[in-house]
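For reference, the chains in residue letters:
Number of protein chains: 4
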Amino acid sequence: AKMTQNSVMTQDVIKEENLRDDLRYYFMSPCEKYRARRHIPWKLGVQILKIIMITTQLILFGLNNQLVVSYKEENMMALKNLFLKDYSGVDEDDYSVAVYTQQAVHDSLFYVLDQYSQFGRLSVGPISYAEDEDGKLLPLTLCKEYYKRGSVEPSNEAYDIDAQLETVCVTHDPNTTNQQKTQNSSFFDLDFYRLVDIKITFQLRGINLQTVRSRELPDCYAFFVTITFDNQCHSGKVKIFLDIDAQSCACRNWKISGTAQKNTHYLLVFDVFVIVVCLTSAVLCTRSIVLAVRLLQRFSRFLHENYNRKVCEDDQSEFLNGWYLLVIISDLLAIIGSILKMEIQAKSLTSYDVCSIFLGTSTLMVWVGVIRYLGYFQKYNVLILTMKAAFPKVLRFCCCAGMIYLGYTFCGWIVLGPYHEKFEGLSRVAECLFSLLNGDDMFTTFAQLKDKNILVWLFSRAYLYSFISLFIYMVLSLFIALITDAYETIKVL
Amino acid sequence: AKMTQNSVMTQDVIKEENLRDDLRYYFMSPCEKYRARRHIPWKLGVQILKIIMITTQLILFGLNNQLVVSYKEENMMALKNLFLKDYSGVDEDDYSVAVYTQQAVHDSLFYVLDQYSQFGRLSVGPISYAEDEDGKLLPLTLCKEYYKRGSVEPSNEAYDIDAQLETVCVTHDPNTTNQQKTQNSSFFDLDFYRLVDIKITFQLRGINLQTVRSRELPDCYAFFVTITFDNQCHSGKVKIFLDIDAQSCACRNWKISGTAQKNTHYLLVFDVFVIVVCLTSAVLCTRSIVLAVRLLQRFSRFLHENYNRKVCEDDQSEFLNGWYLLVIISDLLAIIGSILKMEIQAKSLTSYDVCSIFLGTSTLMVWVGVIRYLGYFQKYNVLILTMKAAFPKVLRFCCCAGMIYLGYTFCGWIVLGPYHEKFEGLSRVAECLFSLLNGDDMFTTFAQLKDKNILVWLFSRAYLYSFISLFIYMVLSLFIALITDAYETIKVL
Amino acid sequence: AKMTQNSVMTQDVIKEENLRDDLRYYFMSPCEKYRARRHIPWKLGVQILKIIMITTQLILFGLNNQLVVSYKEENMMALKNLFLKDYSGVDEDDYSVAVYTQQAVHDSLFYVLDQYSQFGRLSVGPISYAEDEDGKLLPLTLCKEYYKRGSVEPSNEAYDIDAQLETVCVTHDPNTTNQQKTQNSSFFDLDFYRLVDIKITFQLRGINLQTVRSRELPDCYAFFVTITFDNQCHSGKVKIFLDIDAQSCACRNWKISGTAQKNTHYLLVFDVFVIVVCLTSAVLCTRSIVLAVRLLQRFSRFLHENYNRKVCEDDQSEFLNGWYLLVIISDLLAIIGSILKMEIQAKSLTSYDVCSIFLGTSTLMVWVGVIRYLGYFQKYNVLILTMKAAFPKVLRFCCCAGMIYLGYTFCGWIVLGPYHEKFEGLSRVAECLFSLLNGDDMFTTFAQLKDKNILVWLFSRAYLYSFISLFIYMVLSLFIALITDAYETIKVL
Amino acid sequence: AKMTQNSVMTQDVIKEENLRDDLRYYFMSPCEKYRARRHIPWKLGVQILKIIMITTQLILFGLNNQLVVSYKEENMMALKNLFLKDYSGVDEDDYSVAVYTQQAVHDSLFYVLDQYSQFGRLSVGPISYAEDEDGKLLPLTLCKEYYKRGSVEPSNEAYDIDAQLETVCVTHDPNTTNQQKTQNSSFFDLDFYRLVDIKITFQLRGINLQTVRSRELPDCYAFFVTITFDNQCHSGKVKIFLDIDAQSCACRNWKISGTAQKNTHYLLVFDVFVIVVCLTSAVLCTRSIVLAVRLLQRFSRFLHENYNRKVCEDDQSEFLNGWYLLVIISDLLAIIGSILKMEIQAKSLTSYDVCSIFLGTSTLMVWVGVIRYLGYFQKYNVLILTMKAAFPKVLRFCCCAGMIYLGYTFCGWIVLGPYHEKFEGLSRVAECLFSLLNGDDMFTTFAQLKDKNILVWLFSRAYLYSFISLFIYMVLSLFIALITDAYETIKVL
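Protein chains in written order, with UniProt numbering: chain A, 1 to 493; chain B, 1 to 493; chain C, 1 to 493; chain D, 1 to 493.
These are computed hints drawn from the structure, not numbers from a lab.
Please note: incorrect hints may appear among the correct ones.
[What the hints assert, rightly or not] Only pairs whose alpha carbons sit at most 30 angstroms apart, straight line, appear in this in silico DSBU-like list of lysine-lysine:
#1 K379(A) to K491(D)
#2 K393(D) to K393(A)
#3 K388(A) to K393(D)
#4 K199(C) to K393(D)
#5 K33(C) to K379(C)
[Claimed, not checked] Computed Cβ-Cβ distance ranges for the label pairs, DEER-style:
#6 L455(A) to G120(B): 34 to 44 angstroms
#7 S70(A) to D160(D): 24 to 34 angstroms
#8 I384(B) to W457(A): 25 to 35 angstroms
#9 W323(A) to I384(B): 27 to 37 angstroms
#10 L455(A) to L60(C): 56 to 66 angstroms
#11 E305(A) to R38(B): 25 to 35 angstroms
#12 V290(D) to S300(C): 52 to 62 angstroms
[As the list claims (entries may be wrong)] One side only, chain C facing chain D, incomplete, derived with CB under 7 angstroms:
#13 Q102
#14 P154
#15 D160
#16 Q164
#17 E166
#18 C233
#19 K237
#20 C400
#21 I414
#22 G439
#23 F443
#24 V456
#25 A481
Backbone N, C-alpha and C define an ideal beta-carbon position, used for all residues, glycine too.
Pulled out of the complex, with its shape left as it was, chain A reads as follows (with noise of 0.2 angstroms):
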């Protein structure tokens, strides 16, 4: 029994300098592992080559993103230019041209009429009408919307409308425009007191040649044009936009000959590859996390077992290790955003922005997560720690300091949001104020309120000052107090 007893003990002592191996173990860095047990950094490895592989992959996938925005953006400033009277070349606030006459909404309504019908002999790209599969030109389709019936007389302050919305439609072939601004003349008469908006509407076909000289197949794009004469204030200011709708696709027939083509093979391997590490990234990561929880289990067990202890909470956290986590998402989104990315170079996809988003976050955790193996090496890690002993007090602070920013948003919003374009959206106020004590754009900020009445004038005063004084000079010195204060704690230490 003497014997049982001891070689439970002994048993027992194994266990426990095991358990004490292997928790030293699994608080070493990687070079202290490779020291202690020869073990490989394997995982180290992985994250390094995850690294340069993804930051490789959305620098190309941006390069490529370029070509294909700039292709858009020129070809919506050449159609703007080519179908908007009098355009100046930049837009006004959200629409592009905005005219005060009867008169000019003719104009303008005809100009688009005229410059479509000679279209083909306008552009000086490789653009034109789109063809039904018939090979039949699709026509311009001119839409007006107007309150059914209206009969509005101002002057005597009386009116009559059937607030329902008609919609009357005309289509207009490119070869016989002119026959048939005649034919229509009917449609053209427009009561302005009951017109809401005119549509038009229009298709155009474009093949994207520059990609040719990066030896990469040229796309073919089609244009969904829409210009919009916008009357639904009936301010007297007829506002036109025009927007386009670019949806690219993989031409019918081409051929080209005189260049060799680029493999686009090699980047789907490449994708592939990417895909494979992040997958490995996320299972060795995964493991760790699993096995840190069995060890976890253990050291418990071992603690509840021997000293009938619990393990402490603090502690716990140790082994939860965030970094971890950070790498398994930030794993996922490289995974996804690679997906996408081939589907998109296969052309069964156009989100761009969806694909960019999920690379682009997948690539700034990589980059944040190298903070950690920084960490490992002494004194690195002040940026870390000081942000993990100031966090939670920041956070509180932050409650604080947020509360009266919302109130002088709100406050803020509906008092100058008549009279001041940085004030005219909840959104827009927050994004001033915060550029304003950051100490951006303040003289510019006091000056456009300057001749609007007295009241509003001395409240804006009253407002800014404050505002800027209170944040400015409380807020974020305090910060300063906070942070420095953080600081010396982990200093101590």
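Assemble the complex: chain A is given as a structure, and chains B, C and D must be docked to it using the hints.
Chains B, C and D only, in chain A's frame:
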């Protein structure tokens, strides 16, 4: 006697314990009160309800306000584009257009008349000439103001002026403008040496139809347009202003079909409910203040009777809770604002600005008041405590800095005022310096002073360098030192 | 002997007590002086009176100044619009218009002549041709300056130039310009290879009538207009400048009726009163300084006789109150400024700038002087004390930082000067760097350097990043550290 | 033996004392050296002389450089205004003009030819056609580059392209342009589908006459003008670029009379003198380093022999004075810069940029080197000491922050690049973020992202708020904490 004394003592003890209990209870947080006496925190509930309701009310009012403001602004824009010759689309400085030749003044003048006479065929909005009650069109009035008598001969530095102003007016009917122009040709013989200004005033009527779509009743607007040709300066530059005074009223005859009108009663009920909640909150807070004063009296009487001591000032101020005051003020503001809002909705008032200032300020205060409840959780009130601790020092410090600031303001205004638009008025100088010390627009401020006379150039450099160095490096750093100091004081507590 | 000794001792004791009293009294604040010896604080009263009066005087002068400045500026604007062809309304860089072709030069030249000849019918202001004393119109003078002899053949890289300049002038009478143009046609045969510049000078007379409304006498102005066609660079770009020298004088013949003239005597009396107050203040302060020096001498004699010790330097500097010096300087400036102001009002001087610098600086100093009186209340002088404590350190520190700053200034000027307008001159570089380190306009500074040659691009990046990082992160942080340190030193006291 | 030992000991003692003296002397400041051994501080004198001379040289070079640069820039401006149709005076983005219609391309093309053919009568500067060595005018060359074969039918998504590029050129004699235009009419039949670009190249010769007035010899310039009609993108927008390569050379035949030429020899002598001073300084510093190394060797030998100890690393680094290295590098840069400058003055080099970078960098270093001498006065080296103390921490800290920064850079580029011009290229993103964290342009950055798709809008807000908060509130505050900490460390010493 002993028993009596005893009972008195017992009574005293009971009273004392009672007081102690009451005092303890008074300084508890709502949570603790609930735990101690199962007192359900009505007041807290009312406050939370108030925050939600006031914010909702503010947002509803703001969205409605935006529609009105944008309608007015776009009409202003449209009228400027219709009536001002060569209008560029943006106002220069504070006027809209400036003309420099006699011919240009005549052209601009006739342009207004021509455009007015054909206004019906020009405008794209539901806006037209105003009629008086008999259905007759209100005419345009054209007034010129000039020195009664005047012969100015700059060539030989002589003038002879009767500084009294005379005003001559003619009226124009839109339908017969051209005849009138020739009839009143003597009126248009402007003697520019004597001319002070020309004022063209007319009235237009418009209907804000856009509200039909948000299922509200369209309002009728009267636009009182004033176009001023300002030659007061006699400097060879005639500034043209266009001002609009837009007044809304309910339309006289209206009929809408094809859509259901939104029930505006709900909104009124909501406003009334807000007023009720605010009243409740104000009453509850007043009651709390009254209770606190009574408790203070009891406490001071107790201290006086038993220990013959007075309550010290610090303790007294503990009783008088500043938060209650804040809440009551915000409640009063909200009530006044809500009443104004109801009046506006009933079209009996149009002072949007005053209403929005009341509502905005009350919302700001209500959100700031949230900090008080956060303060009940420990550690959350760092901001408030530090501010309280730093406040007297900061104020004293601001006094001193303010003197230097004032000195710089006066000095900058007088010396740099003629050379730099940022230094034109005293309040602008104050704003400019305030912006500069928060790191704004420095280079342009320097740069705009470049090609003036050398003395002013040197002065401006000395002025700006010294001001910025003094305030950014000394004063702002001292602010940080003050706040850090205050933070360390409260951290120790 | 003993008695004598005794009496001497007594005398000594009395003297000592006397001295002690005087010293104590000397360092008292006005309040304490009043309490101690019922000494009514005349000096304080005079200072307060001075602040009010100087500030009032400054505001009055400023308002008057603004009218004059705006009159001159608007005239400048009007003349530019009248005489410069294709003037856009804003000056480019430092010239008004630039022309690039021979035709355009001729057109602009003839445009000036044409406009001048019909000036009377053009201008809307009370401004006309100048006459000499016999009532004859002063003619316009047209001068061209060119190299005496020159044949330049860029094609075969040959030139032969006589670098001496010749000037040929013709005069034009406004009434007969057209004949003269044809008569002097040889003058207008410009040989652009030799032409250095063309100068058109003429004189106009105007009357500032706007002051009639503020019930002051209108002044007469002589405008000496110079239009320069500058071809000095011979770079294919002819810059056109328009300069005006406006001189005001009292009009010769004038008659005003219909309004009472403001009595300008009151203003003179006010100015005299300001001078008297400033003189009083200066005399009082000088007396205080004299008294202080005497007291110091007594004290040092006493110390020397009784303890054979010298007054240490720190104590000496306590006696010499820097504030008095400040007050005396500000008084002198105010007196000079007031005298200048009176001269200006009497139309015998026109140097507004010099006067405003004197008045402005004295006002700045007077307001700064207020801090001294605030300093008598305890705790109010944190700002001054901290500044005093930090000053030597800050100065030494600025010396070092200044060296690096100077190095960067020179380096930036030489390398980036040709590529970026902010780095064009040494003083501009200094201003630009100063602005950058206070957080201004960083991105645009970066951005404007984008499409230059790669070497300069790389250099500019290294330059800007290193400068900003060094100064914002290191130098500014050290400033905060210095001030915080100084604050903690004075807080302990 | 004892005596020998004794003498050895004596020798040792003497040696030791010798060494101690030398060491003490080595670490003295120039002043102390002068006092100790009457060693006149030649080195200091040379340095002061160097500072003065290098700064003078830099300023001279800079002023000269400015003239050349302004001549080139104004010529560039003039040529753009002459040859580009509808040129607005400022370049858009990176091109000068953009055209959108076939007609506009033809117009712009013919405009160039027309203007070129009448260039002699157009330009106001001493600039004309280039001639070859036989005196024949060099013709203008017009080349168009296009895809060898191509039929593009966007309507039915079909194309057939031979991606090889063909180039066709025609030359135009300025005297016979009009005939040639009709002769080469086939050349101007542009097939826009295939057209890649059109390049117009010609050569002009000019003489920089303005230097005559600063009494220097005028240089001849050859301007190689290239006008490019860029249709590479095939996006419907043809961008027009105008590039000038200006090469200066000495004119072949020249004759100047009427003015004395400045003697340029003095400048050469000055440059040589600068080189000599820099060489002396470099040699002296090298000698000092050699002496220091020898002293170190003696000291380490002594320590080894007598105490059998090694010199610790800290002490070693004390011997190797970094300042000497700085001086030597700056000397070398100055010498290279001066040689380049002399070459430029002798017209055998035109690389102003390289020269100015060398001179600029050396001047920067020389001024930074002044701090070393300031450091000899106590208390003056706070800046340097604090920087030294803070440097390792700051560097480590920057590493960590840099990772996050890099992550944000990549992420911002990929996601926001297509929507915001500030995020277009990786280096621009880095600059933009750097500017943002120093408080620049925040609101406009926010605002320009407003009307994009909702996903990107949300992302941009999260991105910007998180970046700014993280860096301004956490990272910058930590910087202050680090520097304050370092300052306190060195203050104790």
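Verification of the supplied hints:
1. For the given pair, K379(A) sits about 22 angstroms from K491(D) by alpha-carbon distance, which is consistent with the 30 angstroms threshold.
2. Of the supplied pair hints, the one linking K393(D) and K393(A) holds, its CA atoms being roughly 24 angstroms apart against a limit of 30 angstroms.
3. Using a Cα cut-off of 30 angstroms, the hinted pair K388(A) and K393(D) holds, with the two alpha carbons roughly 18 angstroms apart.
4. Between K199(C) and K393(D) the alpha-carbon distance is near 64 angstroms, which puts this suggested pair outside the 30 angstroms criterion.
5. For the suggested pair K33(C) and K379(C), the alpha carbons sit about 20 angstroms apart, so the restraint of at most 30 angstroms is met.
6. A hinted range of 34 to 44 angstroms holds for the C-beta pair L455(A) and G120(B), which are about 37 angstroms apart.
7. With their beta carbons about 25 angstroms apart, S70(A) and D160(D) fall inside the hinted range of 24 to 34 angstroms.
8. For I384(B) and W457(A), the hinted distance range of 25 to 35 angstroms is satisfied, since their beta carbons lie about 31 angstroms from each other.
9. For W323(A) and I384(B), the hinted distance range of 27 to 37 angstroms is satisfied, since their beta carbons lie about 36 angstroms from each other.
10. A hinted range of 56 to 66 angstroms for the beta carbons of L455(A) and L60(C) is inconsistent with their spacing of about 28 angstroms.
11. About 45 angstroms separates the C-beta atoms of E305(A) and R38(B), a value inconsistent with the hinted range of 25 to 35 angstroms.
12. Separation of V290(D) from S300(C) is about 57 angstroms and conforms to the stated range, judged on CB atoms against 52 to 62 angstroms.
13. A hinted interface residue such as Q102(C) counts as satisfied when its beta carbon comes closer than 7 angstroms to some beta carbon of chain D; here the least separation is about 6 angstroms, so the hint holds.
14. Satisfaction of the interface hint for P154(C) is found here, the shortest Cβ-Cβ separation to chain D being roughly 4 angstroms, below the 7 angstroms cut-off.
15. With a least beta-carbon distance of about 4 angstroms to chain D, the hint placing D160(C) at the interface is held under the 7 angstroms criterion.
16. For Q164(C), the interface hint holds, since its Cβ comes within 7 angstroms of a Cβ in chain D; the closest pair sits about 4 angstroms apart.
17. A least Cβ separation of about 10 angstroms between E166(C) and chain D goes past the 7 angstroms threshold, and the interface hint is therefore violated.
18. For C233(C), the interface hint holds, since its Cβ comes within 7 angstroms of a Cβ in chain D; the closest pair sits about 5 angstroms apart.
19. With its C-beta approaching chain D no nearer than about 5 angstroms, K237(C) sits inside the 7 angstroms limit, and its interface hint holds.
20. A hinted interface residue such as C400(C) counts as satisfied when its beta carbon comes closer than 7 angstroms to some beta carbon of chain D; here the least separation is about 4 angstroms, so the hint holds.
21. Satisfaction of the interface hint for I414(C) is found here, the shortest Cβ-Cβ separation to chain D being roughly 4 angstroms, below the 7 angstroms cut-off.
22. Interface hint at G439(C): satisfied, since its Cβ lies 4 angstroms from the closest Cβ of chain D, which is below the 7 angstroms cut-off.
23. Hint on F443(C) holds. Least Cβ distance to chain D is approximately 4 angstroms, under the 7 angstroms limit.
24. Look at V456(C): its Cβ gets to within about 6 angstroms of chain D, closer than 7 angstroms, so that hint holds up.
25. Evaluation of the A481(C) hint against chain D yields a held restraint, the C-beta minimum of about 4 angstroms falling below 7 angstroms.
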